[in-house]
Structure formats: C-alpha cells, structure tokens
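For the record, the sequence lines run as chains C and S.
Counting from 1, one number per residue, gives the positions in the first sequence under my numbering.
Counting from 675, one number per residue, gives the positions in the second sequence under my numbering.
Since the hints were made in silico from the structure, they are not lab data.
You may find that some hints are simply not true.
[Unchecked claim] Computed list of lysine to aspartate or glutamate pairs in EDC-like fashion (alpha-carbon distance at most 20 Å, straight line):
1) C:K648 - S:D894
2) S:K887 - C:E644
3) C:K63 - C:E130
4) C:K528 - C:E304
5) C:K648 - S:D891
6) C:K263 - C:E339
7) C:K620 - C:D129
8) S:K799 - C:D414
9) S:K901 - C:E339
10) S:K799 - C:D254
11) S:K799 - C:E410
12) C:K634 - S:D894
[Stated by the list, open to error] Just so you have them, the derived chain C footprint on chain S, three or more residues with Cβ under 8 Å:
13) 881-893
14) 907-915
15) 919-933
For clarity, every value in this text was computed on a predicted model and none was experimentally measured.
Every residue, glycine too, gets a C-beta built ideally from N, C-alpha and C.
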Amino acid sequence: MTIRMHYAPGRSDDSRLPHAFSSRVLVAVCLLLGAVNSAAWAAKPAPADEWKPPKLPAAVQEKPTGPIMQIAPIDRSRRSEVNAAAAKIDAMLQAYWAENDATLSAKTDDHEFVRRAYLELAGRIPTIDEANAFCNASSSTKREALIDDLLESPGYVSHFYNFWADILRLQERPSRDVWFEPYMAWVKQSIADNTPYDKWVYEMLTADGRISENPAAGFQLRDTGMPLAYVDNTTRVFLCTQIGCAQCHDHPFDRWTQQEFYKLAGLTSGIRYDAKQVLFGGMADTGAGSAFQKPDELIPNLGEIGFYVRQAIDDKKLDGGARTYLQMSSRMTSNMDDEFRLPHDYRYDDAEPLDVVEPGVLWGKIPDAVAEADNRTRFATWMTSRSNRQFARAIANRMWKKVMGVGLVEPVDDFQEGNIPALPELLEHLTDEMLRLDFDLREFVRVLVSTDTYQRLAVIYDPTSGVNYYFTGPALKRMTAEQLWDSLLTLVAANEWVYQRPTGKDLAPGISVDVSTVNFDQFVEAYKMYKQIRGDWQKKRNQANFQGLVLARASELPQPSPATHLLQHFGQGDRDAIETARQVATVPQVLALFNGWMTHAMLTPGSVIYDEVAKQKNIKGAVDTIFLAVLTHKPDAEIRRLAEKEIKEGVTPAAGCGDLIWSLLNTREFMFIE
Amino acid sequence: MFQNFRQQLPSLDDRHTRRAVMSGIASSTLGVSLLSPWTRVLEAAPAAGTKTAKNVIYFYMGGAMSHIDTFDPKPDNADVQGDVGTIATKTPGVQFGEHMKNLADLQDKLAVVRSMTTETADHGKGRYWLQTSYPVLNSIRHPSMGSWIVSPAGLGKKPNSDLPPFVLVNSNGNGHPGAGFLDPSLTPVPVANAEKGIENLELPSYLSDKAFKRRLDLADRLDAKFKQRYAGYQIESYNQMYKDAVRLMGSKDLEAFDLEKEKTEVRDRYGSSSIGQGALLARRLIQSGVRFVEVHYGGWDMHNNVADGMANKGTEMDQAVGSLIRDLASSGLLDETLIVLTSEFGRSPGINVNAGRDHHPAAFSYLLAGAGIKGGAVYGKSDDRGHGVDEDPVGLTDFNSTITVACGLDPFKQHFAPNGRPFKIGGGGDPIYDILTVS
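Chain C on its own, in the form it takes in the complex (with noise of 0.2 Å):
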C-alpha cells in the first residue's frame, strides 16, 4: 500500500482531548503541542469516546539510574601531554595556511562547540541539562573537561561502534548460518575496553574457534568461503591499499601486480571457516573430493545430531530453525597452511598458471620473530607491526578524516603513489602519533579533538567546486544517519538506553554448545537455551516500541536497519561493502521528518522536549526552551521575535509552540554540524 493513513480524517472538535495537566495557563501548550487534535492522532476513523493518543513507552521516560555500561577510564593525567600534542598540529596547519593564503575560520562559542563535541564523540545533540552545564560552567578548561568526560560515556563507544560497523561490514546475519551478535558485542565491548587498535586488528586476523567462544572470529567469518575476496577486504580496510584489480590481471593504475596478489593471498588461503574442516582439515579452496564433504562419517556425533535434527524436524518435535541453528553452531575458524597456486589462465612471463606461490607481502619483510610461525600469524604479524608504517598511516588518516571530515588522503582507503596527500608533513606527523601513542584509538581522538583547528566553524569541503579546502576548520557534515536518529532519539526519550543488545555474556549459555563433543539431548538443551535468550531479548525491546520504532540507540537496532527505517532514509551503510554510509539528500528523509512518527514522537506528552516546554511558565521561557533543545543555543532577538510571534498567532500558543519544533526539526541548520 502506497499511501499509508497514519491519520484520520481531520477533526476539529478538541473538546474531547484527555486533559493531561488541568490548572496552569501552559494547559493548551501541553495539549496542543504540534496541534495535537485528538483526531489527528487516530489509526483510523472511530468514535470519539475511544480515541486515545499513542503513548510513548514508559520505560524511555525515566532517566536511567544504574551505569550503563564499564568503560575504561581516561587518564586526564596525561591532559597536558594531549594539549601539546594538539598545538603541535596546530602550528604546522599555520605554516600550511600562510603558504596558502589561507584564513582560520571563526572560533566556535561555547554553544557550538558543545553542539559539535557531543556529536563528535557521543553520537548525539546535547540534553537542555548537558548544554547549560556546559556554557554555564566558567572553569578555563571546561572543554578539556568535556572531551575527557564524552571519551568515557556510553554515546562514545555506540557512536565508534557505528563507525567501525560501516567498515567492517557488521550485519546480523551475513550467512544464514553466521551469526554476529557476539561479534557485534565484541567490537563493542574492545571499543568500551579501549583495547589498542593494533592489539585488536591481529586478535581478529588470528582469531581461531568458535564465535561463541572467540568473538573475533567473525571478522574472518565474514568472508567465508572467500579467500581472495577476504584478502582484498582485509588489505582495504586495514592498509588502505586497494589491490582488488590485480586478482585477474596486473593493476592497471597502481603498482600491484597478480602474483604479489596471489603471494599475499597465498598467507591467508590456509583460513578454515568450520567444525568439518577445522577438525578434520580438509582444504578450504583446492576442493576437489576433499573428506570433508562428507563430514558425518569423520565426526561422528556431528553426523548423529545432523542425522536427528533433520527427523525430529520432520516429526515437528524441533522447528526449523534447529538445523540452521546446528550449522551455525559449526561454523569456527583455524589456520591450516597449505599449498597456494596461481590462476589456470595467468598469462605474464614470471610465472605458469597454477604453479605454487611462495606466500609473501607486498612491501617490507615479515618480523623474524615469527619466521617459523604459520602463514596466517605471519601476515597478521606482519600487517600490524610497527615497522609496517602504512598500518599507522591507514588509521590515523582515517581518524583524522572521522574528526575533520576529510582525509589528508582521498578516499581514505586508496593509497597509492598517484595520490598525493594534501599535507604530506602532518601525515607523516600523524602517523608518528599513532606510533607514539601506541595505537591507542580514543587518545589519538582526544589529541584531534583538542586541537584549536577542531574548535573551529565549519568549512565548505566540496572537490568539484574548484575552490581548495586547506583545513582551516572541519569540514561542513550532515550528521551521519546514526547521529540523526540519535540526536531525535534525545529529544524524544529521556532513557536512550532502555534496549542494548546483549552482550557477549549474555549470550554464553545459548551459544557455547560444541558440536564435536555433544551429543543430541545437549544439542536440543542448548537449542531452546538460545531461543530462550533470544525471546528474552526480544522482550527487552518491546518496552522501547512506539508505533513500530524501538526508542534506542541507532547500535542497538537491527544492524542495518530494514530499508524503509529512517535510519536507511538517512544513508546508514547497508553493511555490504566496505563504507557505504552515505550523507545525500533525497526525498523520503524529508517526508520521514515531516510526517514520520519520530517527529510525532517529539510531539507527544512524556518527551523530553514537550516535557520541558511544559514546565515553562511564559513565552519567552518556551522559545529558549525549544531552540536550546533543537539547535543548542537560544535565538538572537531577531528569530526571537519572529518565533514569539508565531506562537502568539497560533491557533492556541501550544500550536506555536509545536509548529516551532517542527520548523526547527526542519532547518538545514538542524542536520548539518556546524
């Protein structure tokens, strides 16, 4: 159906609207906010005795009392480290403008950079509560203090997750016979630990066993069965080097050819991606007859559960679901080195189709210390080495682009000696950083975040415009989808954290079954085991539901959202491929904040914002109210006048009031970070 009625026919008696608040003059604003006719609000035509408006979840309204989750703490010891670290930048961003003629934009107030620095590093627009204690604070190094605050909240590690999951592709159920969730929790909880990123890099390109037990593994999982593919995606994601062309020929702009292809892959060919390889070893791309097609006479109890999973399955003791649930359960990785060869059809000089490559890297050498170890340690010993510099390179311009909004290198994930970076000195410069900083993610932001160039307006970057952009502010951004839901989210639920999926141990009982050992009657326990855990869940999320939207944070939902979320309207990555978050304009984001329920949320009685324009007691207080919520900073007495005028000149004050928010919702101003 095309053309969903969320409404009814208008009405226009409003005699028949529930008084929610009964003595105070703000009677009609906590009633009409938006124009709320009680009519409006109907699924579809019924008597006005039965109207009832929709309810925001209960949940979602109480604050939360209790931690929202353990996050390694900041070392605000190390401020005037970080502080010199971010002048050093500075100066050598000055030496580039003066060459350049270029001007430093104007210094963001107090309002502005709270703005940005919650989206930065929480994900979300600032609380009312959030902002004022912020601009009203008078301490010298009050933003010092909230970059190390943000660093250590919730919205911290839900915003870097969302980031990593566009790159590396977290969905759900990449297979039907791959589940994430541990996975995804895992990558959350290494950003709320803070592990150092090269630390987390190997322990994902080593990672052996199940992803019950050894989460990691998912990211080798997701490229099952794909030992080329998973190469190129490694190469891409982690050394920002493109060597997809040279798998069938040699690279037609860059450097590489396909033997170097093949001599990398050759490292990480010896990747197992289940139970049937992995303790039998079979080969996983040679093929051919290999034993483990036929698994169930090598692991015998595997082949026993198989065999009564399917007959209870048709006797309808076990749904469906037993089987799939049977081969997830299977699927584990482990390393098996074995003999690698060159296409049937190469066709240069150096080499004849299918000879046997000799595994090797692209650039540098492998670290002796692991000379003697197995193929897969090799490469990932390699890849995140110190001395494999373009590994530090690769992240810290992708941190530098997560922050500023442009990378030095363009895109970010194609190096290669045609392109030149803008800045070639403060790449080198930040690459050292990392190094120095040991590879630790959050205190490379904190340096970034701190840098007076950061605490700049924002600047136009548009590389078709013909006008150079030389870093003299961040780049000017829409808030990505996720920064979009959330910031609504905040202006709607005064808990945006009722639902978090569940964490690695959470789920440990329903997934930790090993199918090499068990037999059937363990096998079934585990089964209703994990469908208990994920009913339980299911009715964990229920209590954010609203019209069909659960009230969480974007991390928290299904990873991607379905493509008719406002989420996916907005260009949340569909996880895919590498990086497809997009930022454009189209049509249905504009109908989704028009008409869309996360609008009409905002204006239902229990939201955060209609709260608070609720409490106040004139005009005045409820247009401060309204633009410190939406946009973080009271109007200047022009736009004052002008809104103050709309609400006198409303149908009721609160109708004003309502359009107000909305026209707010609806400013460029508003989706784009200044």
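Starting from the known structure of chain C, arrange chain S on it as the hints suggest.
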C-alpha cells in the same frame, strides 16, 4: 554553480530552441526558487519520424549476475556450464540459461549483447562506472544515466506530470551517483520497497495545507542565516529535496505508486519478488508520467551455490521482466519504452569449491528491448568458455551510448560540467548501430 550550468548547457548549439530560451528566462529573470522543481526541466522537442524511446525502464542486477547462467550459456562445455541447464529461445540457434523461460520465448523482442567487458571486479567501482559511464574520480560527481536522460540535455521531464521524472525502485538511494554535477532536482526519488511505495506522504489530519505552508515558511526564515553562511552544493541539495518533497505530497498522480490498484492476477503474473513488484511499479510510473525508472534487484553475488541462486533469482527476474515486456507490447507502450538490463560485471566460468562463481569483468552479457532496439538480435561473442570476448567487444560507454541513441539523443554532443569539463551522455563510446533501429 547550478545556475551556471543551466546557462551553459543550452548555450552550446541549440541556443534558439524553446528549451534554451525558457531556461535562459528561468535563470535570468524568474530566479531558480520561483519555479517548481520539476517543471524547470522542460520537454525537448520530439524528433520527427523516428521511434526513439520516450521512457526508459532500467533493471540493475546488483552483485554481478552470471552471464553463463542467463544469456550466454556454454552447453558444449560441461565444466563451465555447471548445474544450470540451457533452453532454446524463439530465435533458432540462440540458447539461454534454463531459468530464462519467459525471456527465451520473447527473444524476438530482445537484443542480447554477449561481448560486454569492463576493467574492474570491484562492486562499487564497477557499478559507478556502469551507472555514470565514467570511472570514480575524487574531484567530480558524475551524473547517472537516468539523470542525464531526464535533464534538459536529454529528454527532459514529461509535460503535465507532477511526478518526479526519475524514480529508483528497491533502493534507498544510498550509493547511487544520482544527479552528480547536474541540478539536484534530477536526483532519483528512491522507493525502498515497491509494495510500500513512498511512505510518510500524508500530512497529519490536524495540519491544514495552510498550516503546513506556514511551518515551511517559518523553517525557511529561521534557517536563512545558516543557509547563507554555508551556501553550496550540500545545502542546495537539501533545499531542492524540500521543494521536491512538498511538490510530491501535493501530486494528483500519487496513485501511480499504489500497487493495490492492480488486480491480484496482474500482481501475481509479475511475481511477488521485489523485482516482480518493482517491474509492475515501473510500468505504472511510466504510464503516469515518470520518464526513467531504475529497478534494483540485488543478491547476484553468488560466490556460493550458483545453481540454487539462479533457480531463485533467475526465475524471479525472468518472470518480472518477461511479464513487463508482454504487458508493454500488448498496450503498445513497448514502441516508446526502452528496457535495459545490466549488472556491474559477470561471473567466472570456473565454478569454485563452494559451487559458486566469482567476479568476472572480462566478458558478460546485457539485455535491451523495446523502442529503438532490433528484436531477435544477438550481438558480440564471448569465447567458448565465456571467459574473454571473441568478437565485437562492447565497453560500458559503448553500451551507454547505445541507450543514448535509442532515446533519440546525440551521443557525441558535448555538455559541460560546472568546472568546465566536457562530458557526453553515455561517455562518448561507439553506439552499437547493429542492434538499433534508429541512428
């Protein structure tokens, strides 16, 4: 920036056409904002005496569709052909993959190009190249084929329609090059789910049109300073989308988006798949004044078990496209509608250990039908394994230029981007005149 471009385009060599005069007036006196978004793109004068396309329905098979299992089977090479059988088509000697039953029966209306070739096996890059005719470059955003066709440099918007000229079905628009450097009003309007149409179109009932306009006006005034400070491409795109959204909400033709207006048996004929319902929606939109409909159908990245994948996806695609061609043929619309079916590249002749096929850019197949296209044609030849091209290689720009010609446009005419660089609709390749009925 956009004003510049609108002035530049007509000034090339059709300065005196109505279109040029109108755009001149538009940008010099009326000011851009006074004109409604889609009427600014005016109808080009129809070319007389030819049967070129007035509409385009463009199917894009995301993930890279196997050519061997669809339009270029290799029955003599069992190891290449694998588990998907072949089927004879209406044209003697021409075979398709076994799941192409409807299209085999319609081969007399189709032109198959079996010698497509491209230079990248990366999904994202391959798709951009196909959609824009140009490789990804950091310094410019190229317009997609659809945006070119509905632009004043192409066929323009159809008169008397409130609907957007370019609609993208089964996609939320992410990752689509859209209008590139052309006017943002030429960006496709995405319909994420054909069955749901465009959501959030209805104003709440408490909000009268007048109150809605008042809100919009208020937003404009509250936003004036910000818009001025950051005037540029990003802000302008959003300004445009706001105009487009308002216009769409008030359109009298919105029913076109409602598939429930179709009889159940018609909907069933196209199939319940997203491509089936997408093809049906495309037909309705074309009938209601949309110029270019691009229907996406993903899931072709069959690294695993290609035979099962084909039985599923292949069958659904064949049913959808076949039903569309039959419907358009019986209503006469096929004479003025071009149907295109592409994918970013093909899949390897060798079947991997997971019974799947991997990426293969060296040789693959595309399909054309309808206005301007010779039915029953098979153009080009891949080698006996479907690995490389044996005869008449066709690059992406050659193929896209063929679309340009089928639409009655000059594939060699230069159009200038705001930065002064020249571009051609279709990338300036050599059109395949052998399969065209127009030139």
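For each hint, the structure was consulted:
For the hint linking C:K648 to S:D894, the alpha-carbon distance of about 19 Å falls within 20 Å, and the restraint holds. Only pairs whose Cα atoms come within 20 Å are accepted, and S:K887 paired with C:E644 is accepted, the gap being roughly 18 Å. Among the hinted pairs, C:K63 with C:E130 is consistent with the structure: their alpha-carbon atoms are about 14 Å apart, no more than 20 Å. Of the pairs offered as hints, the one joining C:K528 and C:E304 holds, with about 19 Å between alpha carbons and a cut-off of 20 Å not exceeded.
Between C:K648 and S:D891 the CA atoms are separated by roughly 16 Å; this keeps the pair inside 20 Å, and the hint holds. With a CA separation close to 11 Å, the supplied pair C:K263 and C:E339 stays within the 20 Å bound. Of the pairs offered as hints, the one joining C:K620 and C:D129 holds, with about 18 Å between alpha carbons and a cut-off of 20 Å not exceeded. For the suggested pair S:K799 and C:D414, the alpha carbons sit about 12 Å apart, so the restraint of at most 20 Å is met.
For the hint pairing S:K901 with C:E339, the CA-to-CA distance comes to about 61 Å; that exceeds 20 Å, so the pair is violated. Taking the CA atoms of S:K799 and C:D254, the gap is about 15 Å. The hint holds against a cut of 20 Å. Note on S:K799 and C:E410: the hinted pairing holds, with a Cα-Cα distance of about 15 Å set against a maximum of 20 Å. Simply put, C:K634 and S:D894 have alpha-carbon atoms about 18 Å apart, close enough for the 20 Å limit, and the pair holds.
Against chain C, the segment 881-893 of chain S contributes 8 residues with a C-beta closer than 8 Å to a partner C-beta. That satisfies the three-residue criterion, and the hint holds. For the segment 907-915 of chain S, the assignment as covered by chain C holds, since 8 residues bring a beta-carbon within under 8 Å of that chain's beta-carbons and 3 suffice. For the segment 919-933 of chain S, the stated coverage by chain C is satisfied: 8 residues place a CB nearer than 8 Å to a CB of that chain, which reaches the threshold of 3.
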